[in-house]
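**Q** Sequence:
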Amino acid sequence: MTVTRMLQLMAGSLGLRIMGAGLGFATQLVLARTFSQNDVGVIFLAMSMAAIFSMVAAVGYPLLALTQLPRFFALDLNRLVRAFHGTFLRDLVAGLGAVLIITLICLFVLPLSAGSRTAIFFGALSAFPSAIVRYNSVLANGMRLYQWAYVPDFILRPSLFLLYVLLGLVVVSASTLPLVLTAYVASNVIVAALQSFVVRAKGITFQDWNMTRPALSRALRSRSMALAVVGAVTVMFADIVTMLGGWFLPHEQLAILGLAVRLAAIAGFVVQAAQQFVLPDLTHALAKRESAKADSLLLRLNVLTIITLAAGLVFALVFGRWLLSLFGPNYADGHRLLVLFLIGQSIRALSGMNQNLISIAGKQMRSAMACLTGLIIFAATWAVLQTGFGLNASGYAVIIAELSWALLLAYQAQSILSRRGDLLWLFFKR
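For the sequence shown, this note's numbering begins at 7 and goes up steadily by one.
Where hints are given, some of them may not hold.
What follows is a list of derived Cβ distance ranges for each label pair [to be verified]: (1) I107 with S331: 40 to 50 Å; (2) Q213 with L81: 20 to 30 Å; (3) R77 with S424: 18 to 28 Å; (4) E258 with L185: 18 to 28 Å; (5) P220 with L169: 41 to 51 Å; (6) F434 with M375: 25 to 35 Å; (7) I107 with I312: 35 to 45 Å; (8) M375 with L172: 39 to 49 Å; (9) T40 with F434: 48 to 58 Å; (10) S331 with R123: 24 to 34 Å.
Calculated from the structure, these hints are not laboratory results. The C-beta atom is built at its ideal place from N, Cα and C for all residues, glycine as well.
Modelling step: build the complete structure from the supplied sequences, incorporating the hints.
**A** Written as structure tokens, this is what we have:
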């Protein structure tokens, strides 16, 4: 993949993400003007619970598919593709069972607030369609249908949700919290159906249930469970932050945190999208033992993502408070938190693709331990700092956790592969 092609894909994905972010901003702006800050916090929590429950339902198969399916497609191993789909379907059913149990415990056993119970209930309803969207997005990416990997989720889903929220301004009865959350669930169902239609040539079918192989299923299952932990850090960290915020913060402050972490996640998405674009070519280069080509891809990717995040950090420092204030005067209190989150994203960018290299080598359990350690450090640091730093405690905890995670991944990549995917190693090697 040339620099020009990489820039084209990044520009296209960034353009789609900016459009999606614009739709998201508009939706959040209308929600902030229509609902109380407490209800906005509940809505953010529901969206995050939907993402987390989808991760539980899908386990780590979407991340595993990033490296496995392109290999199967390249070698025309259609039987293995069907076996992979079948194993995902079987474990998806088990994952949905786990979501049901967790939801029942949260609703009827744990001493949660009414708002938190509402968020968990609607998040659980979105688990299945959201899991299908995540899997189909990766499948479209592996088929090099890059637009279809992002357009439905980033453009169509927020457009449908925004349309309903705007309808609520005209029809007062449509502005209730349960109806808005129902509309969010419905938008996920529509997107899942559309993506399934687009990737139907190589997508999931009911017949795949019987195409599994016991040995392959065992191998995939252990790796996917490890990648579920990795996904919690790499793909859904913003949702993990929001979920934990539901424990540490009142819903009014949770609304501020949810907005800040979603703005910071836009910059993080650029890194993730660029990495996903490069993964098929990188996997191919490593499989063919073309080390020079792999290093060149990694070097160009690191430089592009670091420049992008630096620009995002400068923008947040200069215009962040003004941007947050558009949602209401109280939201401007999240300016420092937004900057702290972006510093954390920058640290992650400096760690490069070490986690991906470990995954390609089939050592997902090792990278999962590093991610799990980072999550534990994050939660523990937040709990310790909460009393002294309040709302900003999560931002400082993110920075400490990202540093710990980056160092662990660098050590693992060096010890396992005798190579790394971060800019520092690539620069000195070059």
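**Q** State, for the Cβ atoms of F434 and M375, whether the hinted interval 25 to 35 Å holds or is violated.
**A** Hint holds: Cβ distance 26 Å, inside 25 to 35 Å.
**Q** In this structure, is the beta-carbon distance linking P220 and L169 contained in 41 to 51 Å?
**A** holds, 46 Å
**Q** For M375 and L172, compare the CB-CB distance with the range 39 to 49 Å and indicate the outcome.
**A** holds, 46 Å
**Q** Assuming the hint says 48 to 58 Å, is it satisfied by the Cβ distance from T40 to F434 or not?
**A** Holds, since T40 and F434 (Cβ atoms, about 54 Å apart) stay within the stated range.
**Q** Taking the beta carbons of E258 and L185, is their distance inside 18 to 28 Å?
**A** The hint (18 to 28 Å, Cβ to Cβ) holds, given that E258 and L185 are roughly 22 Å apart.
**Q** If you check the beta carbons of Q213 and L81, does the distance land in 20 to 30 Å?
**A** With Cβ atoms ~22 Å apart, the hint holds.
**Q** Taking the beta carbons of R77 and S424, is their distance inside 18 to 28 Å?
**A** holds, 22 Å
**Q** Cβ-Cβ distance between I107 and S331: within 40 to 50 Å?
**A** holds, 42 Å
**Q** Go ahead and decide if the range 35 to 45 Å is satisfied by the Cβ distance of I107 to I312.
**A** Holds - the Cβ-Cβ distance for I107 and I312, about 42 Å, lies within 35 to 45 Å.
**Q** For S331 and R123, compare the CB-CB distance with the range 24 to 34 Å and indicate the outcome.
**A** holds, 31 Å
Going down the numbered hints, you'll see the structure goes against none, and every one checks out.
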